[in-house]
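Novice: Protein sequences, first through last, are from chains A, B, C and D.
Numbering-wise, the first sequence is residues 882 to 1390 according to our numbering.
Numbering-wise, the second sequence is residues 2 to 333 according to our numbering.
Numbering-wise, the third sequence is residues 5 to 301 according to our numbering.
Numbering-wise, the fourth sequence is residues 63 to 390 according to our numbering.
Incorrect hints may appear among the rest.
If we take Cβ atoms under 7 Å as the criterion, some of the chain B residues that face chain A in the derived model are [what the hints assert, rightly or not]:
1. P99
2. L102
3. G103
4. A194
5. V197
6. N198
7. S203
8. L211
9. S215
10. N324
Please keep in mind that the hints were generated in silico from the structure rather than gathered at the bench.
Bear in mind the structure is a predicted one, so any value in this text is a computation, not a measurement.
Positions of the beta carbon are idealized from the N, C-alpha and C atoms, including for glycine.
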Amino acid sequence: MDHGGSGTEFVLEARGVSKIFGQHRALDGVNFGLRSGEVHALLGENGAGKSTLIKILTGAHQPDAGAVVLDGVSVHFRDPLEAQSYGIGTVYQEVNLLPNRSVAENLFLGHQPTRFGFVRKSLIARNARALLSRYGLDIDVEAELGSYSVAVQQIVAICRAVELSGKVLVLDEPTASLDKHEVDRLFDVIAKLKADGLAIVFITHFLDQVFAIADRVTILRNGKLIGTEPLAGLTRTDVVRMMLGKDVSFVPAVTGIEERAAGPAMVEFDGCGKAGKVKPFSVSLHKGEVVGVAGLLGSGRTEMARVMFGIDQTDCGEIRIDNRRVELKSPAQAIAHGFGFCPEDRKAEGIFGDLSVRENIIIALQGKLGWFRALNRDEQMEIAGKFAEDLDIRAHSHDMPVKLLSGGNQQKVILARWLATDPTFLILDEPTRGIDVGAHAEIVRTISRLREDGLALLVISSELDEVVAYSSRVVVMRDREMVAELRGDQITPSVIVQAIAAQPEGETA
Amino acid sequence: MRLTRALNPQTIALIGVLTINWLLFPGFFDISWQDGRLFGSVIDVLNRGVPVAILAIGMTAVIATKGVDLSVGAVMAIAGAVAATMVTAGYPAHLAVPTALGAALLCGLWNGILVTFFAIQPIVATLVLMVAGRGIAQLITEGSIVTFADPVLIFIGTGSFLGMPMPVIIAAGLLCVSVVAVRSTALGLFIEAVGVNRAAASLAGIHSRLLLVSIYTFSGLCAGIAGIIVAGDIRGADANNAGLWLELDAILAVVIGGTSLLGGRFSIAMSVTGAIIIQAMNTGILVSGFPPEFNLVVKAGVIILILLMQSPLAGRLIEARRNSRLLSGKTS
Amino acid sequence: ADLTVGFSQIGSESGWRAAETSVTKMEAEKRGIQLKFADAQQKQENQIKAIRGFIAQGVDAILVAPVVATGWEAVLGEAKDAKIPVILLDRGVDAPQDLYLTSVASDQVEEGRVAGRWLVDAVKDKDCKVVELQGTVGSTPAINRKKGFEEAIGGKANISIVRSQTGDFTRAKGKEVMEGFIKAENGGKDICAVYAHNDDMAVGAIQAIKDAGLKPGSDLLVVSIDGVPDIFSAMAAGEANATVELTPNMAGPAFDALEAYLKDGKAPEKFIITESKLYTPADNPQGEYETRKGLGY
Amino acid sequence: MNRSLRPLVATAVIFALAYAASALQYPGMFSTRVLGNFLTDNAFLGIAAVGMTFVILSGGIDLSVGAVIGFTGVVIAVLVSWYGLHPLAAFAVVLVICAGFGAAMGAAVHYLQVPSFIVTLAGMFLARGVASVISQDSIPVTHPFYAAVSQSYLLMPGGGRISVIGGLMIIVFIVGALLAHRTRFGSYVYALGGNTTSAQLMGVPVARTTILIYTLSAVLSGLAGIVFSLYTSAGYPLAAVGVELDAIGAVVIGGTLLTGGYGFVFGTFIGVMLQGLVQTYIIFDGTLSSWWTKIVIGGLLFVFIVLQRLVFSASSVRARGFWKLKHE
Ligand SMILES: Nc1ncnc2c1ncn2[C@@H]1O[C@H](COP(=O)(O)OP(=O)(O)OP(=O)(O)O)[C@@H](O)[C@H]1O
Ligand SMILES: Nc1ncnc2c1ncn2[C@@H]1O[C@H](COP(=O)(O)OP(=O)(O)OP(=O)(O)O)[C@@H](O)[C@H]1O
Ligand SMILES: O[C@@H]1[C@@H](O)[C@H](O)OC[C@H]1O
Ligand SMILES: [Mg+2]
Ligand SMILES: [Mg+2]
């Protein structure tokens, strides 16, 4: 299997790599070469095999066939540690480092400087502060990582990988939970590293970002290599076609969906809020209406949704459904009223990793039916099959554990779970995060379809293009407070950005 | 498909242990009919395996939710003590048995509340009752072995029905009831969901607290049933020794049965099989005539073997071979 | 004469021991002795802690029922340095004799011998296969009672121990092990006698024998040690044949010796050996049952 | 104050208060003698609990502790009394055996992916079993070295003694604390307890660390066995039954989370001392029957855990703020 030390233009290379999980061929004879001083975007649909490929390149998985070649020499990384020792730094997808340890320790774990065998804590703290300040992050590096937001954690993960990468930096969807400002900063860093001659692999589903920084792209589909090309000659449509094998009309450029304020509201949150989490807000939704929620990271959007779904109980105001006052003390009660909620943190709050796709889809419906009215297997199969088809969920079997699906497909499973309960009001928190262009378009289409079917939807999203595309009203959050409600002509990206950024009245910058 | 599912590691292990028993003691499978009941070593394995099997039924549910119940041995002692002291004090068995079960239920409820509402880690929460519970049992019996002659209690422990020992009938009944309860309702799915991801389960509208409390209560109830059987068997409540260290056997049975200590997928029937494997091993040691000082070594050896068989490593080795076959098949 | 005496008890693992504890408390009360009781839950380390605690409190004397024979030298030395007399109850220790005032105990080897001699007399020249239910593996009474019994049947070619397993001194294990023995020995028909290291196991074994359709006491002889009430009621019902009494009243002689010593410095005998009395159905088992019933067995 | 230290400080305060309360009731408890006894009597437990702390920090558990203590004692006694080996040589031999035993358990946990609960349960049966196969009887160790060790101590004012084994425990705690909090190995242990997958992807040598953790625990159990053997001058296969539960109790009372990733070695020290305090209090009281002793021990365990829970959640609610409480 040794391909020998013949000269090569590549720093790191995959030659004919295959990987099989169970019955499923996740990678099939893939070749991939990475040059020094380039940003190489790795693209493909959810489940195309991108993460699997980089896990093989960095020692987290072993290939079933083929070879990994470093500087022209075939290597067998036993584990990521070994890859690190060759100057390969990696941010894996959805890996949250160690929430129980300090930021500083997370940055330097495995290569802390020591003296007489003892770790030099203050030196590490100093280095950590210095490192993070390059990303404009000024936080207490001795506090637990878990006490920071996902965004901060993501930046820490990137810093750590950069710090480790003498040669190669691998970033698997590093920008999924960053906002624009932070993404820009990351790109500055990447540009600098590239200038220093590092080879950088960059995985993302944001094509804008690809066109902003990538030099070459490699595209995978169904575990097979479709091609590697310089980006210069490609258009968005080319890339999408290569990824999906067909053309996709991306987010339809409709704006200003007419409001359905006519008639009584179906759900009303009137002055609801929770001390310390989200200030009182008032939102009402009609049948067949999508309300978008915009705001910066940490502006309190998720907290608002949690109050709406009865996870946190409102401590003021009142909630009305069809003009009748109701109490929401638990998600179960909310569900009984026809609510549904796709949480933002898919892994921690959404999926049941070890349960099957089928069970993941029917669980909320079953929860609604109760302990005794159990759906039998055939009914479950039928429901799962229907929604899997509607949402185009790609799983080779509905009995496989959902954790083995790619991220995007997991997201669709959760959406299917709520659609199966036949909801009247659906809350979606970042439903398109980490989802490929095809699926993205599909989810946006689904949202529009659900609206037409008469559902009320509240959609939290950081992607303004998307918000604009489906919302009939947009609620803007800032500092845990609802600061604006935009409608009609106001629903444009620029107005929303303004609303997000404006200083509250009476305050000066 | 059917066949491969029947040939799981547990069944193989059980067959293995029984075969060894038979080799060591050729009369192992002899069964005779005596005084209206079946009589033989295999019957003994079932009958003696009952307490651990019943504990394992409750323990499976607890473990499936990512918990563990260390107090079951002590709860057995409490239930036995309550039943025995009541019948010796002149109460009829139809009052004593429900009271004993009620006491066990309360113990389980207590565990459930500690785990759910105080959010104490299960192993520690139940450690409290494991330590104190035996004291409570002794408090009830005032330290002595309370011997009784109540025919109902004795029948529960030693009677027979259709030739089968009463404990086996009770365990089989409990097994059926609980399997039906979890599999023909959505309970099983909910238990697995809570064990796999409690946060997500709550968001999906499952009443996870109620479920957890019920499951610990059920585990307490199982321990109570086992405690009454054990007391009835020896016609007395031995608060100090009843159920001593049985929590470990019950956990072992569940793990041998293939339920992960990390929660999630579970099989009550397999846990009961695990209990029978453990008892087959114990009975094997008894009839084979090994010197008693070897008991623990033999037990350790068998456990290690079973776990080796079940280990994901074994599965992975097979998978790796298959994958390389798949790939080479492709190139050729 | 307000004495404070510390008592480090092993635990409460058997009916006999529970009785010993309650008799000790009764004896202390009778004499106006203040008893500080510490239950060691079967652990030697806890007993050592308890003795150290008693020394730190400055009690007038210490009673110990040592869980094992070894390992007492240091702590008994400390008691000696503090001039606190120590009396051993029911089990002995491997330590220089000047470290304790006296030891009140049965001769456990003799208990085994008494049981063995009874069997030898009972079976005469008949062939007899014996099954043995041992106490907890490694415990002193188990080791000694096995030894004594084997000595007593040693010269007899017609008596042999065919199976021996541990029943952990408990009824439940005694019953389970006996069931196994019965299966292994031709449905119990080949067994002529059961020797149990304590009565609790014998009580369990009797039930197993009955369940197998045999008659304990006649089809199979049952001999055991302790003399707890339940074995007397079994004897009264003709289901047990002999038991060797181990008196739970070790504290009585111990307190007598202590009081005499404290009054006029009279050193008692080093070893006060309680009688290992044999009881058979001829000894009014029902009466014995009644007298023992209230002693906390 | 560092927030993560709060549970530790709380535990220490609870201990101080409990000790003060018992000393008020029984003035005899406030003496260097009793303090010295605390150290000596709990030395073996403390040493074993240090190993247990590492295992629990990594998210595992070690049920073989008590059995390894018993096994070690028997082997030492056999080597010294039957084969005439010098005790120090015997110590070296058993420590090597224990290291191998621990490494095997660690390897099983890692490579076979069997939960540590079960691996170490099998280990417990094996160690106890082998010990009783070697000898059922307790074997006295009579050697001048043993006598010398048990007669050497530091005298404290007031007549209390710091014995060799008590001192050894303190050293083990100090070394253990340094190892856990100041070395790379220590940070790997916490990393495993935090999230094994993340740890592995971050380059923690998971296999090596896991094996080392169980090796460390077994070696410390072996050391505890040596201490136990010095303490009782004997080897007995049934010695130290259930010590693993006491050790787990000490670790947990000391503020280490059983799920791994959080805790302090020094907390375990306080946990051990608290348990010693409870026992000593019960002995000084002297009126509790066998059963009340158990009930009181269980009750106090409950009280300490609940107190700790309160302190822990108080410290986490405020600092973790809004976005961590989600997971309920
Ligand atoms: N450990 C595993 N066991 C079984 N199947 C797996 C495993 N990991 C990944 N897969 C499968 O391999 C395929 C490729 O997954 P991979 O995570 O590489 O996709 P991806 O391209 O990174 O997708 P995404 O954009 O959603 O992150 C998917 O079908 C997935 O279900
Ligand atoms: N990056 C951060 N830095 C500081 N505080 C944060 C950060 N992220 C979240 N928070 C805190 O969490 C609170 C609510 O967060 P929440 O998750 O509800 O916000 P969000 O708008 O939904 O953001 P996201 O899009 O990340 O989910 C914020 O008010 C803030 O105090
Ligand atoms: O039954 C008794 C046993 O429990 C005790 O430990 O020692 C003496 C025995 O007779
Ligand atoms: Mg991926
Ligand atoms: Mg959010």
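Novice: Now tell me, hint by hint, if it's right for this structure.
Specialist: Structure-based check of all given hints:
1. With a least beta-carbon distance of about 24 Å to chain A, the hint placing P99(B) at the interface is violated under the 7 Å criterion.
2. Because the closest C-beta pair between L102(B) and chain A is about 22 Å apart, greater than 7 Å, the hint is violated.
3. For the restraint placing G103(B) at the interface with chain A, the shortest Cβ-Cβ distance is roughly 23 Å, beyond the 7 Å limit, so the hint is violated.
4. Against a cut-off of 7 Å between C-beta atoms, the interface hint on A194(B) holds, since the closest Cβ of chain A lies about 5 Å away.
5. For V197(B), the suggested interface contact is upheld, since its CB lies about 4 Å from the closest CB of chain A, less than 7 Å.
6. With a least beta-carbon distance of about 5 Å to chain A, the hint placing N198(B) at the interface is held under the 7 Å criterion.
7. Given the 7 Å rule on beta carbons, the hint for S203(B) holds: about 6 Å separates it from the nearest Cβ of chain A.
8. Given hint, L211(B) at the interface with chain A, is violated; its Cβ is 10 Å from that chain's nearest Cβ, farther than 7 Å.
9. The beta carbon of S215(B) comes no nearer than 10 Å to any beta carbon in chain A, farther than 7 Å, and the hint placing it at the interface is violated.
10. Among the interface hints, the one on N324(B) holds; its C-beta lies about 5 Å from the nearest C-beta in chain A, closer than the 7 Å criterion.
Violated hints, in rising order: 1, 2, 3, 8, 9; the structure is consistent with all others.
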